[in-house]
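Protein chains in written order, with this note's numbering: chain A, 10 to 567; chain B, 173 to 422.
Treat the hints as calculated values from the structure; they're not laboratory data. Note that the Cβ used here is the ideal one computed from N, Cα and C, for glycine as well. There's no promise every hint is true.
Subject to a maximum C-alpha distance of 30 Å in a straight line, what follows is the list of computed BS3-like cross-link-like pairs (lysine-lysine) [said to hold, decoys possible]: (1) 309/B - 343/B; (2) 343/B - 120/A; (3) 323/B - 343/B; (4) 309/B - 488/A; (5) 120/A - 309/B.
Non-contacting residues of chain A with respect to chain B, defined by C-beta distances greater than 10 Å in every case (computed) [unchecked claim]: (6) 28; (7) 68; (8) 257; (9) 392; (10) 432.
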Amino acid sequence: MSRALVLLIALHMRGLGRYLTRSLRTVRGALTALLGGFFFVMWVTLLLLTPERSIGIAPDTLRRNGPAFLLLYCLMNVFMSSSERAIYFSPAEVNFLFSGPFSRRELLAYKILLSLLVSLPSSLIIAILVRVHATWFVAVYIALLMGVLFQQLFGMCVSLIATTIGARAYTRSRRILLWCVIAVGAIALLQAAGSPSGWRSRYLLESVTSTSTWQVVSTPLRWFFDAFLSERLWPDLVVNVGLAMSVNLVLLGVVFALDANYLEAAATSSARIYAQIQRFRRGGMATAGRSGKPRFGLPDLPYWGGVGPILWRQLTTAVRGMGRLLVVFGLIAVFVVAPLLARSEEADSAAPGGLIVGLVIWLTVFLTQMVPFDFRGDVDHIAILKTLPLPAWRLAVGQLLAPVLLVTGAQWATLFAARLLRPEDSNVLLALAAFAPPFNFLLFGLENALFLRFPVRVAATTPGDFQAVGRNLLFMLAKLAVLMLVGGTALVAALLTGLVTQLLLNTSGRFEAADIATFAYLAGGFAGWLVVAGCGMALLPLIALAFRAFDVGRDTPA
Amino acid sequence: MSIVVEDYHKIYGETVAVAGISFSVAPGEILGFVGPNGAGKTTTLRALAGIIAPTFGRLFIAGHDVVHEPVAAKAQLAYVPDEPVPFERLTVWEHFRFTAAAYHLREWRARGEALLDRLELTEKRDAPGSELSRGMKQKLAIGCALLHHPKALLLDEPLTGLDPFGSRSMKELIRDFAAGGAAVIVSSHQLSEFQSLFTTLLMLHRGRIIRFGKLEELRNELSAEGRSETLEELFLRVMKQPERATELQP
């Protein structure tokens with residue numbers, strides 16, 4: 010590889026070091042970095058104190074099923090990628106390297122080496138996390154690095170083959186392959202359905218992975234898991250890592266042998282991916298989708314003192330990025346909500362209400378970052394918002410309503426599903442549904458007030474950025490403190506109102522005990538609702554103030 | 173000739189981006205590459221820079237075929253795209269350092285300092301790429317391009333984002349560089365800005381050349397017709413009826 014490219018990698022590393030230590034120049038930055046570093050060290054220490062193999066997957070299970078998951082992961086990367094498969098280079102790399110005096114092979118070597126170096130720290134963290142499934146940390150780390158390299162080389166091979174056979178043929182072949190995989194999967198599922206163990210995925214996977222064909226095909230992949238589970242340096246680790254390395258070397262050989270003219274596809278595809286990354290940096294995952302041709306639009310909303318047009322714009326942005334968001338909702342529904350509810354049914358739990366409350370809270374916390382269709386997603390449009398002929402508080406209402414509506418919708422859908430599964434919890438679910446809108450308004454109000462006061466991009470964290478970790482932690486604590494304060498106040502208000510109502514109705518002597526209890530609950534609930542809603546509304550002047558104080562030149566984050 | 177393009181075609185599926193153009197640029201010449209959006213200017217420059225491959229035709233930089241001898245050709249050229257993006261975390265000086273290493277330059281520091289000074293980047297020497305303004309990024313890209321004395325310089329909209337001082341010094345830099353023996357292609361829409369700089373003009377429309385000739389010859393032709401048009405007026409007139417335009421070979 011060219012010495013200039015080695016120098017470039019060294020300069021990248023130096024630049025990263027500079028970037029990560031930039032925060033230490035200010036007292037605030039140093040303190041948040043210190044806090045982030047402290048919590049990170051605590052977390053790692055806790056993980057390291059967990060004994061190896063204590064709660065892990067059985068080695069045989071890992072050896073048997075691991076290769077299938079690794080292959081599935083690599084295939085998923087191929088299927089989920091854009092139709093014009095290409096190796097990603099940043100725009101700066103396209104600018105400086107593609108027209109520079111470097112051969113295509115040198116650029117590939119640079120890309121592989123850079124990715125491997127970048128994966129060194131991230132693999133270390135993953136190794137700490139997954140070490141409970143193995144016996145020797147060193148083996149885990151080396152095997153993970155081998156796995157990362159395999160995944161990258163596999164992707165590169167597919168990209169270069171795609172470039173060699175042409176984009177159209179590649180898309181056609183990929184579609185045929187995808188249909189083949191779906192057909193095989195469907196046949197296997199139908200066979201499994203006919204077996205005594207039925208649809209249970211564990212048995213299905215076992216029956217597939219125990220076939221002799223799979224055993225032979227998956228042998229090279231199994232070497233990675235053998236390396237992962239190695240207990241000694243010799244012969245276990247050396248032999249298994251050697252075998253895994255040989256797989257990677259074969260792939261590397263294919264990559265270099267193909268030497269396809271990938272630059273054009275890479276330049277085009279990289280520009281598109283970079284645009285997606287930029288959109289992601291501006292507004293998070295929900296806004297990162299393709300900026301394709303808009304297929305539909307929302308009808309105009311009434312003016313509502315200026316709130317309508319603002320809400321319409323945010324909802325339009327949200328709806329256009331909804332595909333990705335719906336995929337996330339679907340995944341949550343399939344992998345989180347359904348199993349949890351099913352488990353609560355199986356166990357005949359006495360307190361499913363608690364489970365549902367927990368689920369809704371978790372969903373809310375998760376979705377808060379997923380739907381930044383407010384000031385957070387408008388980080389590069391604050392200047393335009395400031396020029397609008399609207400009072401700041403109305404602008405704030407318009408900005409907050411879109412995420413509030415979206416999250417409330419998702420929560421109500423979850424609660425409705427829970428209602429169908431557990432009709433006996435209707436009252437709890439109804440109460441949760443009633444509290445959702447004011448709570449969401451309060452939550453997004455807090456998020457936006459904090460954002461405008463301490464602006465940071467939704468998705469701008471770099472691995473190892475302790476300042477970002479510390480800042481997120483402080484924000485989380487601040488939000489939690491405010492929510493607890495509001496929650497406590499609402500609870501006290503609800504209790505007091507409930508007691509007073511009960512007392513008054515008892516004194517009147519005109520109601521049955523059951524009616525009095527119902528009225529007391531309703532009055533208490535309403536008082537609590539008013540407190541939460543009032544606190545949310547009280548944030549509006551603060552948000553308006555923070556918006557007015559936002560200096561576009563100074564406060565717009567990099 | 174430092175830059176030679178022979179029957180260059182670029183076809184995407186059923187779309188013909190460039191339909192067989194041929195031209196050459198001699199050392200010391202500054203070719204104005206003009207045309208409306210989608211005419212094929214950037215596609216041609218990117219093909220000359222070795223970023224995209226031609227569908228047919230051949231492209232040469234300092235005698236080296238861009239497709240068959242890419243490294244040798246690229247060692248003699250510098251390309252500045254319309255929207256240069258520096259490495260976010262590398263400082264201005266580190267960009268120069270990398271460029272010097274890439275083109276095997278030994279004594280480059282004095283020239284680097286001089287370029288920093290001329291491009292008014294001295295104060296930004298240790299600033300990372302992510303902290304540079306649009307104009308500064310443009311200047312940095314030009315600085316890196318000129319550091320290694322390329323024989324062919326390809327500039328796509330080089331004045332975008334520059335203030336009047338920056339524009340003037342950029343034009344002087346391009347003129348000096350061409351005077352030093354390099355062949356320069358400048359693609360731009362700002363014709364009035366470059367009127368005094370171009371030595372040759374090439375007008376593209378929908379992937380075809382509709383005018384190509386020495387600027388002086390073009391002026392003579394216009395005065396013979398009794399016209400006193402600026403470059404911009406000529407461009408607008410020709411683009412209104414591109415099919416009636418005549419092709420002039422220098």
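Verification of the hints:
1. Taken as a hint, the residue 309/B and residue 343/B pair is honoured in the structure, with Cα atoms around 16 Å apart against an allowance of 30 Å.
2. A distance of roughly 36 Å separates the Cα atoms of residue 343/B and residue 120/A; the hinted pair therefore is violated under the 30 Å criterion.
3. In summary, the hint linking residue 323/B to residue 343/B is supported, as the alpha carbons are separated by about 18 Å, within the 30 Å threshold.
4. Using a Cα cut-off of 30 Å, the hinted pair residue 309/B and residue 488/A is violated, with the two alpha carbons roughly 39 Å apart.
5. Under the criterion of a C-alpha separation no larger than 30 Å, the hint pairing residue 120/A with residue 309/B is consistent with the structure, at around 24 Å.
6. The beta carbon of residue 28/A sits about 5 Å from the closest Cβ of chain B, which is not more than 10 Å, so the claim that it is off the interface is violated.
7. Every C-beta of chain B lies more than 10 Å from that of residue 68/A, the closest at about 42 Å, which supports listing it as non-interface.
8. Annotated as non-interface, residue 257/A keeps its C-beta farther than 10 Å from every C-beta of chain B; the closest such distance is 27 Å.
9. Distance check on residue 392/A: its Cβ is at least 16 Å (rounded) from any Cβ of chain B, clearing the 10 Å threshold; non-interface status holds.
10. No Cβ of chain B approaches the Cβ of residue 432/A within 10 Å, the least distance being about 55 Å, so the stated non-interface status holds.
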